[in-house]
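Fit chain B to the supplied structure of chain A, relying on the hints for placement.
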Amino acid sequence: MVRVVQSAVIDAPIDEVWRLLRDFNSHDQWHPAIAESRIEDGHPADMVGAVRSFSLTDGGRLREQLLRLNDRDHELTYCLLEAPLPLYGYVARIKLRPVTETGQTFWQWDSTFTTPKDQQAMLSDLVASGIYLTGMRALEAHLRAPAPRTPAPSFQTEPLARPEPPKQTRSPLQVAPENRSVRLQVYGATPVSGAGSTLTANAIVMDSHGGPEVLQFRQVEVAAPGPGEVRIRQSFVGVNFIDVYCRTGYFDLLKPPGVPGMEAAGTVESVGPGVAHLSPGDRVAYACGPVGAYAACRTMDAELVVPIPDWFSDEIAAAGLLKGVSAGFLLHDVHSVQPGQHLVIHAAAGGVGSLAVQWARAIGAHVIATVSNHDKAQRARQLGAHDVIIGRGAEFVDAVMDITHGKGADVIYDAIGRDSFDGSLAALAIRGHLVSFGQASGPIGEKDIGGLASKSVTLSRPNYGHYTGTRAEMQMQSARLFDALERGYLKIDAPAAYPLADAARAHDDLENSRTTGSIVLKHQKGSTASRIRSPRENTDASFNSR
Amino acid sequence: MTTVYVSAMIPAPASTVWGWVRDFNALPRWTPFVADSRIEQNLPSDKVGCIRNFVLKDGGRIREQLLGLSDYEMSCTYSILESPMAVENYIAKLSLTPVTDTNTTFAEWQADFDCPAERERELTQQIGVNVFKAAFDALKLKAGGR
Chain A
486 MVRVVQSAVI
496 DAPIDEVWRL
506 LRDFNSHDQW
516 HPAIAESRIE
526 DGHPADMVGA
536 VRSFSLTDGG
546 RLREQLLRLN
556 DRDHELTYCL
566 LEAPLPLYGY
576 VARIKLRPVT
586 ETGQTFWQWD
596 STFTTPKDQQ
606 AMLSDLVASG
616 IYLTGMRALE
626 AHLRAPAPRT
636 PAPSFQTEPL
646 ARPEPPKQTR
656 SPLQVAPENR
666 SVRLQVYGAT
676 PVSGAGSTLT
686 ANAIVMDSHG
696 GPEVLQFRQV
706 EVAAPGPGEV
716 RIRQSFVGVN
726 FIDVYCRTGY
736 FDLLKPPGVP
746 GMEAAGTVES
756 VGPGVAHLSP
766 GDRVAYACGP
776 VGAYAACRTM
786 DAELVVPIPD
796 WFSDEIAAAG
806 LLKGVSAGFL
816 LHDVHSVQPG
826 QHLVIHAAAG
836 GVGSLAVQWA
846 RAIGAHVIAT
856 VSNHDKAQRA
866 RQLGAHDVII
876 GRGAEFVDAV
886 MDITHGKGAD
896 VIYDAIGRDS
906 FDGSLAALAI
916 RGHLVSFGQA
926 SGPIGEKDIG
936 GLASKSVTLS
946 RPNYGHYTGT
956 RAEMQMQSAR
966 LFDALERGYL
976 KIDAPAAYPL
986 ADAARAHDDL
996 ENSRTTGSIV
1006 LKHQKGSTAS
1016 RIRSPRENTD
1026 ASFNSR
Chain B
-19 MTTVYVSAMI
-9 PAPASTVWGW
1 VRDFNALPRW
11 TPFVADSRIE
21 QNLPSDKVGC
31 IRNFVLKDGG
41 RIREQLLGLS
51 DYEMSCTYSI
61 LESPMAVENY
71 IAKLSLTPVT
81 DTNTTFAEWQ
91 ADFDCPAERE
101 RELTQQIGVN
111 VFKAAFDALK
121 LKAGGR
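Just so you know, the protein sequences line up as chains A and B, in that order. Our numbering numbers the first residue of the first sequence as 486 and each following residue consecutively. Our numbering numbers the first residue of the second sequence as -19 and each following residue consecutively.
Since the hints were made in silico from the structure, they are not lab data. Just so we're clear, the structure is a prediction, and the values are computed from it rather than from any experiment. Every residue, glycine too, gets a C-beta built ideally from N, C-alpha and C. Possibly wrong hints are sitting among the right ones.
[Said to hold, decoys possible] Under the rule of at most 20 Å between Cα atoms (straight-line distance), these lysine to aspartate or glutamate pairs were calculated in the EDC-like manner: (1) A:K580 - B:E53; (2) B:K113 - A:E586; (3) A:K580 - A:D595; (4) B:K73 - A:D558; (5) B:K120 - A:D595; (6) B:K122 - A:E586; (7) A:K580 - B:E102; (8) B:K73 - A:E586; (9) B:K73 - B:D92.
[Claimed, not checked] The calculated label-pair distances, taken between Cβ atoms and stated as ranges, are: (10) A:A957 - B:L47: 26 to 34 Å; (11) B:A66 - A:S939: 37 to 45 Å; (12) B:R41 - A:D737: 41 to 49 Å; (13) A:L566 - B:T(-4): 35 to 43 Å; (14) A:W796 - B:E102: 51 to 59 Å; (15) A:A606 - B:G(-1): 25 to 33 Å.
The following block holds chain A by itself, in its conformation from the complex (with noise of 0.2 Å):
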């Protein structure tokens, strides 16, 4: 058994050293000795046990298999599945430090091998010096003055294309320029013409805010994705009535002109430098800001993109995915839900209520309902509502002390705002928790915490962006929610569908009440307008402004 250690000081930071290396795929773009790679099977490079397969600059071909990736240590091990050389048993860890002192960051590469005692003393020298002292080094120049490499996958053509980016090789002995004011080509999306240039996309845009008809169906630019950014060809995008406070401004979440909407699902298109979780070709959504979604196509940054699965619908993903992500994190993070727990979920009917609703039964809790009129009380109960109230003044009260023997529930989910906020409070348990996510009737204005504390009441005001604002715990909001449809613990109905170039039109019947259940906008090409279901109402509420 042989082993090889190499370690060196990179002049970089920690980060960017370890965004190129945990990115399995990226050997070709720094590493001399690389010819080109690709990762078999369009799995993801920051997959355990994605395989990349790459040619080295003197033709051979090797095969390794990621074993082990740990963001937190910053440290990843491989082995060698197929090679032209006889280095057998071949098991190699990369470590990185940080040089706290410095900023810089301590690097070492090792490996264990078996091979032929004649080659031994050749091929450790090789592994040691002609692949790792090699390779950081090269890696060294590239973060400090990369050469630039162009042109960029071109996807746009087949955009339903598995990635396997057709990379251009480079010359083993092309020697990065000493000029750190480059640095940025590397990564700025070289507009070449064809490949990760700008595209044309229709959009609704903005020029001032104003009513449903500031709202235009016009053309723009999409510029190709820059580092950490991604492309994305969007099949829907969801309609919320956060977007209608984007447009009248009463949320300041786009300075016009601009795009509106924060919600859409898609294939990705192309992919910028160091996005390492997203691939051309695969299916995403989204559910964030910045704004931007009402658009066929659009840029934007990677982080809360997440992949859908298969089994889920570009249409449901854009209608549902901000509506069952807020549902999760109320039911799960906000407040902890406990089987037996006696629920209150305001417009039960409603978008995120409708959700809540099934999904808090699916835990095992006592859910009652309000809603506001027959129908939806019908349609409450179909979702699984225990008890359902219709209205919430004090015969809404009433009802839930009855309902809970006189105790109150032990928590409460509230989007109504002004014309629920009291009588919450009062239907409420000692040491009850009312979630107050939304103002649908009105702002709630001045309370008094004083009184409060006649029942030891907890208040939450949580905003969505706070559960969801790192692509970790995106990862793990959407998971939970893809998990539980999975499961059937909710379903998402399917939403009434608009064409983009309807926005207008879809605003002004969100506001006015005339739709149920979730809308989308719907890119077509050649854009004939579909027709619309017969839309009746609404009971959407939605979040505190970020």
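Positioned in the frame of chain A, the structure of chain B alone reads:
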């Protein structure tokens, strides 16, 4: 649990630096802040379990117990039994790694401990800068570096 982590480059081969620091009773010889040290109960200073009882130049007395010593990994782990710092569950590890490229040493020192939240900042500074970094600076000087 609070973690303090400090790392530095020492411009001498790792085996040389390890020779300076592996003796659990050698603090007065290589750190700038320890006046005197002895190993309790006359145990050898590289016996896991031994306790070093030392006096700081500012007069404070500290007792630390050796929990692990690896000549293979060039690392040393110990806990604080008594100190004026009022930390609890304090476990620290000093480790050296060779930098093969330059035949020098990458030195790491990490401490994990519990303390009242309001003292966390002060203790982090005290341990990270006045102890670990100061000791590394002394090693650098000893190695003939900056």
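**Study point:** Hints violated by the structure (numbers, ascending)
**Key:** The structure conflicts with hints 5, 7 and 12, although it agrees with all the remaining ones.
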